[in-house]
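S.K.: Go by the hints and put chains Y and R with the ligands onto chain D.
Protein chains in written order, with my numbering: chain D, 1 to 251; chain Y, 1 to 382; chain R, 1 to 312.
One or more hints might be untrue.
Simulated crosslink set (SDA-like; lysine to any residue; CA at most 25 Å straight-line) [unchecked claim]:
#1 R:Lys252 - D:Asn213
#2 R:Lys275 - D:Ala223
#3 Y:Lys22 - R:Arg235
Example chain R residues on the side facing chain D (calculated, C-beta under 8 Å, incomplete) [stated by the list, open to error]:
#4 Gln102
#5 Cys108
#6 Ile291
#7 Ile303
Since the hints were made in silico from the structure, they are not lab data.
In this text the structure is predicted, and so the values were computed from the model without any measurement.
We put the beta carbon where it would ideally sit given N, CA and C, even for glycine.
In case you want the letters, here they are:
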Amino acid sequence: MNIIVAIKQVPDLDYIRIRDRRPIMEDVPQVIGDIDKSALAAAVDLKESAGGNVIIVSAGDENLEDTIKEGLAAGADEAVLVKDARLAGMESSVIGTVLAATISKIENGGLIIFGEGSADNYSGQVVSRVAQILGYPQVGYVNWIEIEERVAQATRSLENEEETVEIPLPAVMSVVSEIKEPKIPSVSSILKARNKPKRVYTLDDLGIEIPENRYVRTVINLAPVSQRKGILIKSVDELVKVFESEGIIRR
Amino acid sequence: MEFNLTKEQQMIQSAARDYAEKAIAPLIEDIVEKNEVPLEIIEGLKELDLFALPISDEYGGAGAGYASYVLAEEQLSRICPGVAVIVSVNNVGAAAMSIFGTEEQKKKYLPMVTKGDGVFSFAFTEPGTGSDPKQITATADRDGDFYVLNGTKRFITNSSYEGPMIVFAKDTETGHINGYIIDKFCEGYSISEPWKKMGVRGAPLYDVYLRDVKIPQDNILGEPGQGFWILKVAMALGKIGICSIFLGAMLAAYEEGLAYATAKTHRGAPIAKFQAIQMAIADMFMKYEAARWMAYRIGYLADNARDKGDILKDSAAAKIFITETAIDVARIALNIHGSYGLMEDYKISRVWKDVIFGPQVEGVSHLLKVLVAGEIFRDLKG
Amino acid sequence: MAGILVYSENSKNAHELLTAATIIGSALGLEVRALSINNDTQAEDLAERCGEVYRIKEDSLKLSDTSAMASILDQVVRKLNISVVLLSSNRRGKELAGRVAQILDSGCLTDVYGIEVRDDGNIDCFRNGLGGLTVVSQVIDTEKKVIAIVPKIFEAMGNKITGVIRDVEVDVRSSGVNVVRTKTKVRDAVDIETSDIIVAVGQGLANKDDLPQVEKLAQLLEGEVACTKPVATDRQWLSEERIIGLSGKKCKPNLAILLGISGQVQFTVGIRDAKTIIAVNTDENANVKHISDYMLVADIKDIIPELIEKIS
Ligand SMILES: Cc1cc2nc3c(=O)[nH]c(=O)nc-3n(C[C@H](O)[C@H](O)[C@H](O)COP(=O)(O)OP(=O)(O)OC[C@H]3O[C@@H](n4cnc5c(N)ncnc54)[C@H](O)[C@@H]3O)c2cc1C
Ligand SMILES: Cc1cc2nc3c(=O)[nH]c(=O)nc-3n(C[C@H](O)[C@H](O)[C@H](O)COP(=O)(O)OP(=O)(O)OC[C@H]3O[C@@H](n4cnc5c(N)ncnc54)[C@H](O)[C@@H]3O)c2cc1C
Numbered sequence: 001m002n003i004i005v006a007i008k009q010v011p012d013l014d015y016i017r018i019r020d021r022r023p024i025m026e027d028v029p030q031v032i033g034d035i036d037k038s039a040l041a042a043a044v045d046l047k048e049s050a051g052g053n054v055i056i057v058s059a060g061d062e063n064l065e066d067t068i069k070e071g072l073a074a075g076a077d078e079a080v081l082v083k084d085a086r087l088a089g090m091e092s093s094v095i096g097t098v099l100a101a102t103i104s105k106i107e108n109g110g111l112i113i114f115g116e117g118s119a120d121n122y123s124g125q126v127v128s129r130v131a132q133i134l135g136y137p138q139v140g141y142v143n144w145i146e147i148e149e150r151v152a153q154a155t156r157s158l159e160n161e162e163e164t165v166e167i168p169l170p171a172v173m174s175v176v177s178e179i180k181e182p183k184i185p186s187v188s189s190i191l192k193a194r195n196k197p198k199r200v201y202t203l204d205d206l207g208i209e210i211p212e213n214r215y216v217r218t219v220i221n222l223a224p225v226s227q228r229k230g231i232l233i234k235s236v237d238e239l240v241k242v243f244e245s246e247g248i249i250r251r
Numbered sequence: 001m002e003f004n005l006t007k008e009q010q011m012i013q014s015a016a017r018d019y020a021e022k023a024i025a026p027l028i029e030d031i032v033e034k035n036e037v038p039l040e041i042i043e044g045l046k047e048l049d050l051f052a053l054p055i056s057d058e059y060g061g062a063g064a065g066y067a068s069y070v071l072a073e074e075q076l077s078r079i080c081p082g083v084a085v086i087v088s089v090n091n092v093g094a095a096a097m098s099i100f101g102t103e104e105q106k107k108k109y110l111p112m113v114t115k116g117d118g119v120f121s122f123a124f125t126e127p128g129t130g131s132d133p134k135q136i137t138a139t140a141d142r143d144g145d146f147y148v149l150n151g152t153k154r155f156i157t158n159s160s161y162e163g164p165m166i167v168f169a170k171d172t173e174t175g176h177i178n179g180y181i182i183d184k185f186c187e188g189y190s191i192s193e194p195w196k197k198m199g200v201r202g203a204p205l206y207d208v209y210l211r212d213v214k215i216p217q218d219n220i221l222g223e224p225g226q227g228f229w230i231l232k233v234a235m236a237l238g239k240i241g242i243c244s245i246f247l248g249a250m251l252a253a254y255e256e257g258l259a260y261a262t263a264k265t266h267r268g269a270p271i272a273k274f275q276a277i278q279m280a281i282a283d284m285f286m287k288y289e290a291a292r293w294m295a296y297r298i299g300y301l302a303d304n305a306r307d308k309g310d311i312l313k314d315s316a317a318a319k320i321f322i323t324e325t326a327i328d329v330a331r332i333a334l335n336i337h338g339s340y341g342l343m344e345d346y347k348i349s350r351v352w353k354d355v356i357f358g359p360q361v362e363g364v365s366h367l368l369k370v371l372v373a374g375e376i377f378r379d380l381k382g
Numbered sequence: 001m002a003g004i005l006v007y008s009e010n011s012k013n014a015h016e017l018l019t020a021a022t023i024i025g026s027a028l029g030l031e032v033r034a035l036s037i038n039n040d041t042q043a044e045d046l047a048e049r050c051g052e053v054y055r056i057k058e059d060s061l062k063l064s065d066t067s068a069m070a071s072i073l074d075q076v077v078r079k080l081n082i083s084v085v086l087l088s089s090n091r092r093g094k095e096l097a098g099r100v101a102q103i104l105d106s107g108c109l110t111d112v113y114g115i116e117v118r119d120d121g122n123i124d125c126f127r128n129g130l131g132g133l134t135v136v137s138q139v140i141d142t143e144k145k146v147i148a149i150v151p152k153i154f155e156a157m158g159n160k161i162t163g164v165i166r167d168v169e170v171d172v173r174s175s176g177v178n179v180v181r182t183k184t185k186v187r188d189a190v191d192i193e194t195s196d197i198i199v200a201v202g203q204g205l206a207n208k209d210d211l212p213q214v215e216k217l218a219q220l221l222e223g224e225v226a227c228t229k230p231v232a233t234d235r236q237w238l239s240e241e242r243i244i245g246l247s248g249k250k251c252k253p254n255l256a257i258l259l260g261i262s263g264q265v266q267f268t269v270g271i272r273d274a275k276t277i278i279a280v281n282t283d284e285n286a287n288v289k290h291i292s293d294y295m296l297v298a299d300i301k302d303i304i305p306e307l308i309e310k311i312s
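Okay, chain D solo, but in the shape it has when bound (with noise of 0.2 Å):
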């Protein structure tokens, strides 16, 4: 059975520069975003119990090629890549709808991992959207899973207890980036990526057509304004002066 990890590329949030309120996305490179990693390391440890292969399924732009090859080097063993341009920054009741139908085309594929939100829009929706399209279980927020035969054992971390649940397979998975530190990957395995086996799919490919009116408009995109005194202190003694300015204390 094989385990899919589906893996989003997103500009690195570190390199993204602020001008009059609005983001810079030029020449902001593309990467693997960090839970999306604890996705993969939890996968390619599950990888012995499923007795099959980890494979990445993802949708980008003429990037992605080049992107995922940082989760080939962090060990997953194919790459399924549905590359069009106009899949940069597309919502995501269409990029749904596309990693369903790649998923699809992967043979004997038991458990798709996501991560439980991308790092660049955090929405956590499109795992929820894959899993209603294929019609399987899912379950969400994942610290823990165990797999056997033809079913897995789950735990749901929610905000106050822990749901461990028993779910027939194939289904799919959200995962909290506590389940697995992602490792730094070896020298040789980064060179070893570009050989893994890639299969590379359109939006033609795969008859998917994309909808001239979208589901989700975004009006305002702009950094919030900060005033910060950004002030420079020398000593608690200095810090303490704070507090009584600010209130805080009385002497």
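M.R.: Just chains Y and R with the ligands now, with coordinates in the frame of chain D:
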């Protein structure tokens, strides 16, 4: 012309940066104080194949080439030049053996220093000479199927670790300088107390004493009489490591200077608003950029040179420029710090001590300039 | 008349959603309806706050089965002619939101922390963009809309009325997910979101033994201890209730003291509404300086005891 890193190079750079920040940075104070890098760091680097990047994967290296090696060493040195020096010297030895060694030698020693428990040393400096190998006084006496080595080697990196060492000594019979391979801590091998060193802490230097160290005659590196050439090629490759190490230290200085300029305030505003400071920042940036591309290009040249000896002129020129520029940049960063730069609480004081000796190691600047000029004239004569 | 449906398994969240629903409902002329599943007390509580409460009693329906739950919501939405579904943006709510939206073929927004109904009838939803670097305002353009709202943003609706409770018949389609066991997380009753003063620690706190000092400091200042995510999830030194940020709480105290916190954007989104921010960090270049009013470059190990001494 292409100035972008490949995705693989970016990933190798990030891997080294992540490892340096996560595993090395938390230990830096200890490393500096004890002048010692914990073994787990060396093991960690080996696990990630960062310890022998350019060495062929056939022998446990990463086979990633010198361009990637430069990127990784820069990142390691940005956090800790001592660690980067250990890696660099390991690669000098391993590269010399990769190029000149026999299959048996490579099979025996390379896996040890790429993946196993060993670290390579490379010993030419002596109390009487560093820049001029012709003055080497260590001796190799032929005794049947063996050589017997005697002498003292000075300032030898990695000599306290197990593993192979290439020792340059004079064959008493022929008068040739040759490279001989010994196993450290074999009979007759001993080291001094570590030198008390002000900078590049973590990579201690020892004097190595060889007293009747007996090695099989097969343990000569390359052909008898080839020693000078081996030394030249190894030093040319070694300079790639030196370039990257001082580039990384320069980056650290630049970052420190920039950080201080934006954090330190004067009458409520950061000092970065003063034009004098802005010029200093621009100077650091210009110098770092120039040095960076020179270093990256040397990595590229080494990967593409048919004969590694061909990069002699360029690697020497890069080494001079980068080590001297590192001092310039650290000096500017120090100036930005005002008197605080003198204080050990500020990282720049440490970086300063790290960069200051660059022009003196692996070929002092003015001797290298003579070498560069010599190569230029030779090219002129065609 | 079309309606707006409120559902959360968490009653308090449901009461807050009612407030949001009323704002949207009165602007758009939508009837507010609440749904309660397998929870009679909740249904009754809701009826004191909402005119029409729909109740489902089906033993075979499990909260843990998101697929079955989504199908139920879809059935209710169709039966009651609902155009806006309001869910809680807690973990169950977010998981449900995407699946319901997919069945309804509609747009969905989660982690919404602000709502404005515009004159043209669009509902502007405010949420974080680019991991918190930006604030985005988004509008769902499909006929039906699914919106998941962050808890504690809206006041809970008070109990002022007597509404009706109606039972609805639904068809449960289990997807075979069964709960094997549940374990209550060590509950931490702390409410950092309403605290006036927050003392937050990050990974710069090297030693767990130093935590009592931090608590002492918070006590002296009459504030609460909060933390960054790794302190709670990786090191497990403090409860997840105390996490500030994108996947934690959004706080707006008068004063926040950030100790050994680098100030990455996923953290700062949760604290940038504080009136005054003071940071203590050994790294003068740490990002936290960009969001601080005052920054002290120092080791918190030295600073905390000294500060305690000077203010006690
Ligand atoms: C951190 C570090 C690590 C090192 N690791 C190693 C190692 O692993 N193995 C190893 O073998 N060595 C190592 N060394 C030693 C180093 O390579 C030598 O110190 C260096 O080559 C210079 O040699 P020297 O100190 O003997 O100087 P010298 O050669 O004595 O030079 C001293 C001065 O005299 C000048 N000078 C010398 N000869 C001439 C000449 N012909 N014309 C004009 N001027 C001249 C030089 O320019 C210089 O200013 C290391 C040194 C350091 C600091
Ligand atoms: C999708 C997503 C969601 C996330 N959500 C959240 C969230 O909700 N909340 C959150 O906090 N994080 C969140 N994160 C994680 C976030 O990106 C950062 O990793 C985290 O905030 C860093 O925590 P930190 O500042 O404690 O640790 P670090 O980044 O490790 O910073 C530690 C700081 O302490 C300083 N320091 C070290 N020693 C000392 C000392 N002795 N004295 C003073 N200072 C010292 C260091 O200089 C450094 O600046 C999320 C990440 C992702 C990808």
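S.K.: Each hint should be assessed against the structure and marked as holding or not.
M.R.: Cross-check of the supplied hints:
no.	hint	result
1	R:Lys252 - D:Asn213	violated (37 Å)
2	R:Lys275 - D:Ala223	holds (18 Å)
3	Y:Lys22 - R:Arg235	holds (15 Å)
4	Gln102	holds (4 Å)
5	Cys108	holds (5 Å)
6	Ile291	holds (6 Å)
7	Ile303	holds (6 Å)
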